[in-house]
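Chemist: Sequence:
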Amino acid sequence: MTEQLVIFAKYPIPGTVKTRLAAQIGAEPAAKLYSRFIEHILDTMTRRRIAEKVVVAVTPPDSVNRFARRFPSADRYEAQLPDDDLGKRMLAVFQEASNMHVKKTVIIGTDSPTLPANYVLEAFSMLESHDVVLGPAKDGGYYLIGAKKPHPELFEDIPWSTARVLEKTIAALDRLRLRYVLLPEYFDVDEIADLHQLYRMAPEIFSGLEMPSHLSFSL
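Using the working numbering, the final residue of the sequence shown is 220, and nothing's skipped along the way.
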């Protein structure tokens, strides 16, 4: 296989997804909204045939079959490594890809449902001449990482879910003297303010959803 796009996703169980947002709008609305995030990004990435294979890496591991039935448009579904450390879970994907002789692997999440397909296409293109590609998120993390082979040091001692993720990852890239490139910055949806930006960009995501009365969206 030449290229694969791996989408990290959670099965949308209320109280376990979008927890920061759930604290502001409620667990049930947050889970329903997150389901729309999954649908939207899967539609974007599969309709354009972004890569030879589109794979969804699901957590919790025992929900893979339920996830595949509910969101059936990907080429393959697999369980994420059952570990709380995000870095170990991402590294496991790159290690498996190397074992399968996949030439280019790009990982994205589901927190940026309107992520442009062209950004992912650009990531695959940039891997022709770079070792690693990163998509910086506005919150200091990254929404995308791509590589041609595993680099364990990129996932060690990273303060996940903080504003220093990208900074620490770039420092590791520099120490390893890897050739890397940054894509345009993009936003994750974690707070109510992010919801307003998302609504302006893709109001169809909210169609038919009952949101709490204290939220008011306007184009």
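Take the hints with a grain of salt, since some may be wrong.
With a straight-line Cα cutoff of 20 Å, these simulated DMTMM-like cross-link-like pairs (lysine to aspartate or glutamate) come out [stated by the list, open to error]:
# : residue 1 : residue 2
1 : K149      : E29
2 : K33       : D158
3 : K89       : E29
4 : K150      : E29
5 : K104      : D189
6 : K169      : E53
7 : K89       : D76
Cβ-Cβ distance ranges computed for the label pairs, FRET-style [as the list claims (entries may be wrong)]:
#  : residue 1 : residue 2 : range
8  : D85       : P213      : 27 to 33 Å
9  : P153      : S214      : 45 to 51 Å
10 : E157      : H197      : 35 to 41 Å
Just so you know, the hints here were simulated from the structure itself, not pulled from any lab data.
Backbone N, C-alpha and C fix where the C-beta goes; we use that ideal spot for every residue, glycine too.
Chemist: Decide, hint by hint, whether the structure agrees.
Modeler: Tested hints:
no.: 1; hint: K149 x E29; verdict: violated (39 Å)
no.: 2; hint: K33 x D158; verdict: violated (33 Å)
no.: 3; hint: K89 x E29; verdict: violated (29 Å)
no.: 4; hint: K150 x E29; verdict: violated (39 Å)
no.: 5; hint: K104 x D189; verdict: violated (28 Å)
no.: 6; hint: K169 x E53; verdict: violated (31 Å)
no.: 7; hint: K89 x D76; verdict: violated (23 Å)
no.: 8; hint: D85 x P213: 27 to 33 Å; verdict: holds (30 Å)
no.: 9; hint: P153 x S214: 45 to 51 Å; verdict: holds (48 Å)
no.: 10; hint: E157 x H197: 35 to 41 Å; verdict: holds (36 Å)
Consistency with the previously given hints fails for numbers 1, 2, 3, 4, 5, 6, 7, ordered from lowest to highest.
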